[in-house]
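**Student:** Read off the chains here:
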Amino acid sequence: MSAHDTVLTAEAARVVYNEGTDAAVEAVRDITLELRRGEILALVGPSGCGKTTLFNAIAGLIPLQGGAVSVGGDRVEDAKGHVGYMLQKDLLLPWRSVIDNVTLGLEIRGIARTEARRRAQTLIDRYGLSGFENSKPAGLSGGMRQRAALMRTLAFEPEVILLDEPFSALDFQTRILLQSDVKRIIREEGRSVILITHDIGEAISMANRIVVLTNRPATVKSVYETPWGSEEIDPVAVRERPEYQELFSTIWQELELAPRQCEIGLT
Amino acid sequence: MAMATHSSAPARAPRRGPLGETTKIRLYQIAVLLVIIALWQVGLWIGWLKPYVYGTPLGVLQSFATQIADGSLLRHFWVTGQEVVIGFVLGCALGSGAGLLLWLSPLWAKILHPYMIALNGVPKIALAPLIIVWFGLGMESKIAIATIITFIVAFLQAYKGSQEIDPDLIRLMKSLGASPWQTFRTIVVPGSVPWIVSALRLNVGFALIGAVVGEYISAEEGLGYMVYYSGQLYDLNSVWVGIFSLMIMALLLEAIVARLERYLDMEH
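Line by line, the protein sequences give chains A and B.
The first sequence begins at 1 in full-length UniProt numbering and counts up one residue at a time.
The second sequence begins at 1 in full-length UniProt numbering and counts up one residue at a time.
Read the hints as simulated data drawn from the structure, not as lab findings.
Errors might be hidden in some of the hints.
[To be verified] Okay, derived cross-link-like pairs now, DSS-like style, lysine-lysine, Cα gap no bigger than 27 angstroms in a straight line:
(1) K174/B with K110/B
(2) K160/B with K136/A
(3) K174/B with K89/A
(4) K174/B with K136/A
(5) K160/B with K89/A
(6) K89/A with K136/A
(7) K110/B with K124/B
(8) K174/B with K160/B
(9) K160/B with K110/B
(10) K160/B with K124/B
All figures in this text were calculated on a predicted structure; none of them were measured in a lab.
Between the sequences and the hints, there should be enough to build the whole structure, so can you do that?
**Tutor:** Written as structure tokens, this is what we have:
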């Protein structure tokens, strides 16, 4: 595998809501980025900068008004099922058991029920939800529910996984522990991930590279490589390292500047 | 006092004394009925209530006994019961199905929107005379009234339920590559169950209203006919027999719907 084996590319991606009307709002402007195989790429930006719009565009859920997003060489609109995602809301179906939630994507792809359940059970056993496979989501804690949502995403083996602030609804301790778990699981499964977050600490501790976005319309302001690259490092332990603090304050200053520029009319 | 223990089966509800809460509630429910009957009887004794205007508890009991003995009450109950149940099942099934299917066609949902608002606002029973004209004087017209009224309620509720599905769930299904039909089957139908169940509850009353009003307008048997006919003859004891029978029917149907609701809740 080459170091720059790319699984997803966005080239000059542009999203405008209500284009051609008086109410047109440009949410994303000319975003160009690439996701390398096996890496975690974090997108951070000020609140309301268009992160979720970019997320939806990358997932192929909304049309682009310019540019292109491709997954494995295909335009994302034509590559349905190649991108799996996980949101702040776990979106587990309350009427289904955990295992039947995990098999959802496999079911959609027409995988036989026995095979789908076998694959789901493997993930459940491997990642610590054994004994809860037949429970309904209402019987699980917030962290366990997000873990089940991640397994649903992993089960159908998408080329790219998009995580949109998946931990933000959790309490601090659960969030930190789950970040650690998710990073480990993603690495073990060899997945390529785009993580959208407003939490700089989360981005630094989980990602290989961090893309800082500007205020709306979102554009790429800067890209940082984390000093640990693909080194296996625990997202909790990493917070103790001086490079973490340094990178944190650099990105913090960049993000802090954006809304101020906006307030005083500089953007 | 020694506490009774039940080693063979666990208690179904927490007990706080010699009587379980459910038993206590049942006893109070019976007591309320007895108090109403007692007040009714006292009102008659002291002359505040006239027997020819309000009937008498004893007269109602006698009328009950006579009509059970000659089989007429059972016949009326059976006729109305069939009208209500058939109308309820047809209306709920077709209405829920149609309301849900509308999710698959946002264009048709938009086209039908003003009609849905109009149907929701109109007192549905106003359709009864028309339906009697279309379906004739027999049992079919009462079934049709109950069906049409319950159809409207089930249709509107199911449609509303389908529109309340979390849009993020729909997006999730899209990202998994699901077809609209797969999303419909997997998300929309089960996700609308609480709305459909609430329509079932509402429709127990509407099906009864439909059948009884149909019988008021034109019929030769059924509890609605019996109430209306006895009223015309000032046989108020029989009117009460009819009303109490309708209440029993409503309670039975409610109990069936509640059981179905519990089952769907378990599945849900």
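**Student:** Kindly indicate which numbered hints from before are broken by the structure, ordering the numbers from low to high.
**Tutor:** none
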